[in-house]
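Protein chains: 2
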Amino acid sequence: MSAVEGSARTGSFTTPHGEVETPAFMPVGTLGTVKGVSPEELEELGASMVLANTYHLYLRPGYEIVRELGGLHDFMRWQGPILTDSGGFQVFSLSRTNEIRDEGVEFQSHIDGSRHFFTPEKVVEIQKALGADVVMAFDECPPGGVDRKAAVEANDRTLRWLERGLGRFRELEEEGGHPAQSLFPILQGNVYEDLRLQHLEDVLSLGDWNGMGIGGLSVGEAKEEMWRVLEALEGEIPQEIPRYLMGVGYPDDLLEAVARGCDMFDCVAPTRNARHATVWTLDEGQVNVKAARFARDPKPLDPGCDCYACRKFDRAYLRHLMVAGELLGLRLLSIHNLRFLVRLAEEARARIRDGSFGSWSRGWLERYRGARV
Amino acid sequence: MSAVEGSARTGSFTTPHGEVETPAFMPVGTLGTVKGVSPEELEELGASMVLANTYHLYLRPGYEIVRELGGLHDFMRWQGPILTDSGGFQVFSLSRTNEIRDEGVEFQSHIDGSRHFFTPEKVVEIQKALGADVVMAFDECPPGGVDRKAAVEANDRTLRWLERGLGRFRELEEEGGHPAQSLFPILQGNVYEDLRLQHLEDVLSLGDWNGMGIGGLSVGEAKEEMWRVLEALEGEIPQEIPRYLMGVGYPDDLLEAVARGCDMFDCVAPTRNARHATVWTLDEGQVNVKAARFARDPKPLDPGCDCYACRKFDRAYLRHLMVAGELLGLRLLSIHNLRFLVRLAEEARARIRDGSFGSWSRGWLERYRGARV
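If you read the protein sequences in the order shown, they are chains E and R. Per my numbering, residue 757 is the first one in the first sequence, and the count goes up by one each step. Per my numbering, residue 757 is the first one in the second sequence, and the count goes up by one each step.
FYI, nobody ran anything at the bench for these hints, they're computed from the structure. Some clues are possibly wrong.
In this list, chains with the same sequence are indistinguishable; a pair is considered to hold if it fits within one copy or across any two.
Said to hold, decoys possible - Calculated cross-link-like contacts (lysine to any residue; reagent style SDA-like; alpha-carbon spacing at most 20 Å):
no., residue 1, residue 2
1, Lys1068, Gly827
2, Lys1055, Gly827
3, Lys1068, Gly1119
4, Lys1055, Arg1067
5, Lys1068, Glu796
6, Lys1055, Arg823
7, Lys878, Arg852
8, Lys878, Arg913
9, Lys1068, Glu799
10, Lys878, Gly932
Sequences are here, hints too, so could you generate the full structure?
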């Protein structure tokens, strides 16, 4: 890490497709496209790394097709770093799961009901075929607040799966192919601090990791429980590797998590909210663009924002687009929300570097939250 | 006209927002946005003039709001020429029409059923408020092939409405406001050549027009009837003004109509087809991008096309986007289809200029049509 302020850190890590400065927000491109946004727009809004999803790309278009076409970078025409989620979360949350065994998970596609089988080895093979810069290990992710027994079982299985995934990852590395990819383990343990710490110790005993996913948070538990778990983990995860808090976050959650030592973030909210006409602004918090009060408003969405939508269009027009259900509106609001989070991470980096993160983020959160109706 | 080959012509006309070279295809931005496409993308794909619609903008967001925000050019951030359709066609085709009287048309909004009243004066006022470069007169447009009596009545009413619209247009011109807008009349007469010629004579007796809409075609009649009507009108409309064939067309129709002396075109097909995954290509005609044969196809949509989608992406990826229902796919296919027509008009201009339009368009149509399954 190049600078630290309290538990907040800034630094960078290297991937085969370039450097990623942290804290970083990674736009989610589930199916090999960040919904509504072109590769050039992603670059312009400052995205350094994007996410894609193993489960989704395995079902559509199929990882063999993506490999045949040169891997995911060539397929989606994005030459920056890509992290692929392992599909563990989706297998449990999206598909009809038929059976979880130690061997792997049998599941039915949420699209056509077809049957498939994922093993820890298989999801590594898929991600290697996609050419991901960061490959995530296969994990079992139970909902927030399951009982200890279920949490222990999920931890144990996730650990056994990690060992197998790592073995397959090393075999494939030796066989060649896309170079220098990293495998990140995913920490589980639900809301139980002792289970979290035990799992961390077990995971660390398996290898020297380049980075670490923190999973099983933001899955239904209370916010305070998430902060408590992050605070417990903060001092224990090796300081020199990036920590990826999976599925977080909203702007305020991102700042709270940076303050607790997290470095990488992803969330579908920027594009999903955009599709529901919801945008983030610093002085008015989260607002719905369809609100009648915007009908004649000649101001940009967020006067402090430098995104294409804010530089080019006014609220009255954006409201009109969303009320009329126009495609351009979805794109513009997505660009704004993505830029809002990417810029928040950029500013967090600068503030940590000059030692003003604590006071700045407190002020920012007050402004943002104070504005909420 | 700067060059003529047979009945095909090329030239240009001037608007307050710039020159338009003809033949020209005008992308349709019904609600003040060409569906899925940004102003920069419109410019990049070579659009010189875009369309918007009086009926739609009157209902949403309301023309007073657009005027307040500086007119349609400022509202949608498009500084090129804009033509607004009068809403005559939409009042009859989209809304629940309650009563057509000589005074005007009472109709119910297709959105919320609210009641409204359009007169020829009112639609001119709305279009002046929007700041259109070309204002279209209010017309009655019966479906293709109605009986003579209905066609005569529609002609007569359209003529009386034109006189009143022109009067209001001149009053507003004198009052100032947006300068040098043009009012185009709309020729009706359905499939009856003698009624078409009579209506033309009547329309010409009312004023010196800067251009002329040809309406009531491509509204259900056979293609041959459309060509017959255009051939009858061709020699009779003053040669020096542009002729706008409303609602046409598909690529082959555009070429056929250019050969019959038409200069300006609009059609929702490029963006609507894109939303149904249908694109135009020279060598394969109209194709559906979702076709299984594209799943591993590394070629651009149309190898001869210079649009952003064809320069940047391959068929396999575009198919994937459309199969998965991704927003980016709609945008890319829209850009391609729009560019296809804009470029076809560009090439027609060049070919008319060098005298090769006849042979070139025959060859083009054979290639394009030969490819159809």
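Intra/inter-copy verdict for Lys878 and Arg913 if alpha-carbon distance must be at most 20 Å
within (16 Å within a copy, 72 Å between copies)
State whether the alpha carbon distance between Lys1055 and Gly827 is at most 20 Å within one copy, between copies, both, or neither.
Between copies only: 16 Å across, 42 Å inside.
Evaluate Lys1055 and Arg823 at a C-alpha cut-off of 20 Å and name the case that applies: within, between, both or neither.
Classified as between; 16 Å across copies, 46 Å inside a copy.
20 Å Cα cut-off: does Lys1055 pair with Arg1067 within a copy, between copies, both or neither?
Within one copy, since 10 Å is at most 20 Å while 35 Å is not.
Check Lys1068 against Gly827 for me: Cα-Cα at most 20 Å, and say if that holds within a copy, between copies, both or neither.
between (35 Å within a copy, 16 Å between copies)
From the Cα coordinates, with 20 Å as the cut-off, is the pair Lys1068 and Glu799 best called within, between, both, or neither?
both (18 Å within a copy, 15 Å between copies)
Up to 20 Å CA-CA - Arg852 versus Lys878, copy category
Result: close within a single copy only, 19 Å intra versus 58 Å inter.
Which holds for Lys1068 with Gly1119 at a C-alpha limit of 20 Å: within a copy, between copies, both or neither?
neither (28 Å within a copy, 43 Å between copies)
As a check of your reading, is Lys878 near Gly932 (CA-CA no more than 20 Å) within one copy, between copies, both or neither?
within (17 Å within a copy, 72 Å between copies)
When no copy is named, should Lys1068 and Glu796 be tagged within, between, both, or neither for a Cα gap of at most 20 Å?
Result: close both inside a copy and across copies, 17 Å intra and 11 Å inter.
In summary, the one numbered hint that this structure violates is 3.
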